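Novice: Turn these sequences into a full structure, and let the hints guide you.
Line order of the protein sequences matches chains A and B. Its first residue numbered 1, the first sequence is counted upward by one per residue in our numbering. Its first residue numbered 1, the second sequence is counted upward by one per residue in our numbering.
It should be emphasised that the hints constitute simulated quantities derived from the structure, not laboratory data. Here the structure is a predicted model, which is why all the values come from computation and not from measurement. Misleading hints may appear alongside valid ones.
[Stated by the list, open to error] Ranges of calculated distance between the beta carbons of each label pair, as one might list FRET restraints:
id : chain 1 : residue 1 : chain 2 : residue 2 : range
1  : A       : V38       : B       : P215      : 39 to 49 Å
2  : A       : D166      : B       : P177      : 30 to 40 Å
3  : A       : V138      : B       : R149      : 32 to 42 Å
4  : A       : R317      : B       : P215      : 35 to 45 Å
5  : A       : G269      : B       : T372      : 50 to 60 Å
6  : A       : T206      : B       : I289      : 52 to 62 Å
7  : A       : T66       : B       : P321      : 44 to 54 Å
8  : B       : G175      : A       : P150      : 31 to 41 Å
9  : A       : C117      : B       : G175      : 46 to 56 Å
Here a beta-carbon is modelled for each residue, glycine too, at the ideal position from N, C-alpha and C.
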Amino acid sequence: MANVQAQTTTSFRERLAQRTQHGDGIFWAVTLFFALVVIALVVAIGWVTWSDSALARERFGLGFFTSTEWNPVETEVSPESFGAMPAIVGTLVSSIIALLLAGPIAIGIGIFLAELCPPSLRMPLSFMVELLAAIPSVIYGVWGVMVFAPFFTQYIGVPLSSSMRDVIPWLTSAQVASGRGLLVAGIILAIMILPTIAAITRDVLTLVPNTQREVMLALGATKWEVIWLSVVPYARAGIVGGVMLGLGRALGETMAATMLVGNRSQVPGSLLEPATTAASLVASELTNAQSLLHESALVLIALALFAITLLLNLIARMLIWFVNRGPVGSARA
Amino acid sequence: MRQQVIRAVSVLVALVIVASALAVAAPTQAQTQPTATPPPQVTPTQRPRATPTPRPRATPTPRPQAATPTPAPAAPSAWAPRQLSGISLRGSGATFPNPLYQAWISVYKNVVPGVTISYQAVGSGQGQTDFVRYLTDFGGTDSVVPSERIRTEAPDTLHVPMVIGAVVPTYNLPGLPAGTVLRFSADTLSGIYLGEIRKWNDPRIVADNPGLALPDLDITVVYRSDSSGTTSIWTDYLSKVNERWRTTVGTGTTVRWPIGIGAPGNAGVAGAVVRTEGAIGYVEQAFAIGNRLPVPAVRNRAGNYVLPTPEGVSAAAAGVPIPDDLRYSITNPEGPNSYPIAGLTWILIREQTYTDVPKAQALTDFLYWALTEGQGAAVRLGYVQLPTELRIRAMRQLNKVRVSGQQVFTEPPR
Chain A
1 MANVQAQTTT SFRERLAQRT QHGDGIFWAV TLFFALVVIA LVVAIGWVTW SDSALARERF
61 GLGFFTSTEW NPVETEVSPE SFGAMPAIVG TLVSSIIALL LAGPIAIGIG IFLAELCPPS
121 LRMPLSFMVE LLAAIPSVIY GVWGVMVFAP FFTQYIGVPL SSSMRDVIPW LTSAQVASGR
181 GLLVAGIILA IMILPTIAAI TRDVLTLVPN TQREVMLALG ATKWEVIWLS VVPYARAGIV
241 GGVMLGLGRA LGETMAATML VGNRSQVPGS LLEPATTAAS LVASELTNAQ SLLHESALVL
301 IALALFAITL LLNLIARMLI WFVNRGPVGS ARA
Chain B
1 MRQQVIRAVS VLVALVIVAS ALAVAAPTQA QTQPTATPPP QVTPTQRPRA TPTPRPRATP
61 TPRPQAATPT PAPAAPSAWA PRQLSGISLR GSGATFPNPL YQAWISVYKN VVPGVTISYQ
121 AVGSGQGQTD FVRYLTDFGG TDSVVPSERI RTEAPDTLHV PMVIGAVVPT YNLPGLPAGT
181 VLRFSADTLS GIYLGEIRKW NDPRIVADNP GLALPDLDIT VVYRSDSSGT TSIWTDYLSK
241 VNERWRTTVG TGTTVRWPIG IGAPGNAGVA GAVVRTEGAI GYVEQAFAIG NRLPVPAVRN
301 RAGNYVLPTP EGVSAAAAGV PIPDDLRYSI TNPEGPNSYP IAGLTWILIR EQTYTDVPKA
361 QALTDFLYWA LTEGQGAAVR LGYVQLPTEL RIRAMRQLNK VRVSGQQVFT EPPR
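Specialist: Okay, here's the thing in structure tokens:
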């Protein structure tokens, strides 16, 4: 009672101070909760994929990740068996193709937009790049199936396949006519991740402080030297981050990959042959899985994809960490 | 800036709540699944969803008769479904009959306004899983539930065939004279899908099509990449007609294809075939007709080349002896006019473990209505009717449904 009376006698200012003094604490707690929720989410996904894949883990053990057999139906001569190798190879190869094609071009786009572009062009170009990044992947898939794959088959696939028949075996295929395969999927993935990497590179480069440029210019450096020796090294951590984000998108891409990769659960002998990716295999077969073991094996593939993504992110972190120990040490962009 | 962050965070939280709900739901599903005989009080079937009619649920009296019998639209045997109210039925499963089921459901809503039915086209496999885990009241499937699964997970499952679907090969072969109907024998089709026949001018294809100039073109084999009932029917047919296919590849919703490329869905297969010269694929008959894809004649067991006409497909279901549980495959049947690549699609219901009498009554009424008056809609939508004998046997399945020992549906006299 006395307390209440004491409170009512305090001035407005004091009451206001009392009322708001917890604000920061509450805000801290709320944001902490949100941050923890992210961790909980990762743990939950990990737990579900781990527990639901128990059947396949018990049956195949670590051999699952090296086995190339993917046979959902038991017959007299071939047992039901599952292995992750076709999916892992397909995922990694298509993503690496995408990264090799998109990385240099996207970084070039980013540098042009941030450093060299005339101001009148900058706005529309940046806008277009960001727009491209926002297009849903199914649209890239449709465009790939209807426009790019026929074009590729006619002008690149078939000539390449026939001219390389006895020279480079991994560039020929008997099934090139369908237009579906690892290389086509990789190129479409490259187009998909191009704007992601380009937009991040541009953002990161615009954040580089002007003093970096001015110092180089004061030393008499050319435009190229300013960009290559001062601006890009300062921003490399961010650029690597953007590339990794693009790689992540390529690894997890489902729709466009399903439409273009050819969905063949075998390790391909050539870049022009149909293959499969982890994401597209899970999406294609999970809804109508043949047996509990089949379902469990697909969940294990999902777990493998999860692990690959984590691993690559970890490698990217390490890379940034090592890079940042150089002369421009604490650079963050 | 801060507002943006808060907005982004709140979106994230919503996501997290959904995700954690999913994570929690998954293990509980797994727990209910191995029980051989499910407990009598299973929550999912007991929980009716909000229905448009706010009236209280009818108490489970033995048989609540229609209070106001609405004039039923000309039933063949003067039979009308009971006017129950406040009931919702949930089903999920096969995508192939989905257009038909949705049509039935929307028409039935006018016949019995008190019964709300929902059907989600999630695929046969998922439909079976949802059904044996008691997440749905009925399941839809293009492939029979395996005996092993029935024995261990849902021993009182009844299969009720609803309609027939045919699977047709389709091809892209330029330079054929207009109006040409290509012909395939079972040997040719299995040879192509096994990778033994690689060229369109292979002697075996030429032998099927005498007098036709076939080009020296590579065959591109296209199959469904998503696991599906269509693939199941197709591989079942190939297994029956080809020994090598049966022993090395087998029958299933997804198989290890000896050759070819995979495309998602009927539309994906059709798209890949249309865009690739020399391609061959297989799609559902209704899809092929709707999109005017070239459909070849296939040689049946009697040696005749037949097109997938409704009569031919219906004859297929009559050309195979019908087993008591109605779980059977109708590929490669007897009969001079039978089209050899077809399959039934079933609705799964429970014989003993429904716990709610009005609900079981509503479900059996709906299925009986679908098997009688609903068949007209089936034909209009491009499905093939069950032959009469099978239809009668399907209706008899409904008589078997019992709730705590009491029969909920009695077939009207014909």
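Novice: Hints first: check each against the structure and report whether it holds.
Specialist: Hints, verified against the model:
Here the CB-CB span from V38(A) to P215(B) is close to 59 Å, at odds with the stated 39 to 49 Å. Checked against the given bound of 30 to 40 Å, the beta carbons of D166(A) and P177(B), roughly 38 Å apart, stay inside it. For V138(A) and R149(B), the Cβ-Cβ distance of about 34 Å falls inside the hinted range of 32 to 42 Å, so the restraint holds. Roughly 56 Å separates the CB atoms of R317(A) and P215(B), a value that falls outside the hinted 35 to 45 Å.
G269(A) and T372(B) have their C-beta atoms about 56 Å apart, which keeps the hinted 50 to 60 Å range intact. Between T206(A) and I289(B) the beta carbon distance is about 57 Å. The supplied range of 52 to 62 Å therefore holds. Restraint check, T66(A) to P321(B): a C-beta distance of roughly 47 Å satisfies the suggested window 44 to 54 Å. Our hint of 31 to 41 Å for G175(B) and P150(A) is violated, since their Cβ atoms are close to 18 Å apart.
Evaluation of the 46 to 56 Å hint for C117(A) and G175(B) yields a pass: the beta carbon distance comes to about 52 Å.
Hint violations for this structure: numbers 1, 4 and 8, all remaining hints satisfied.
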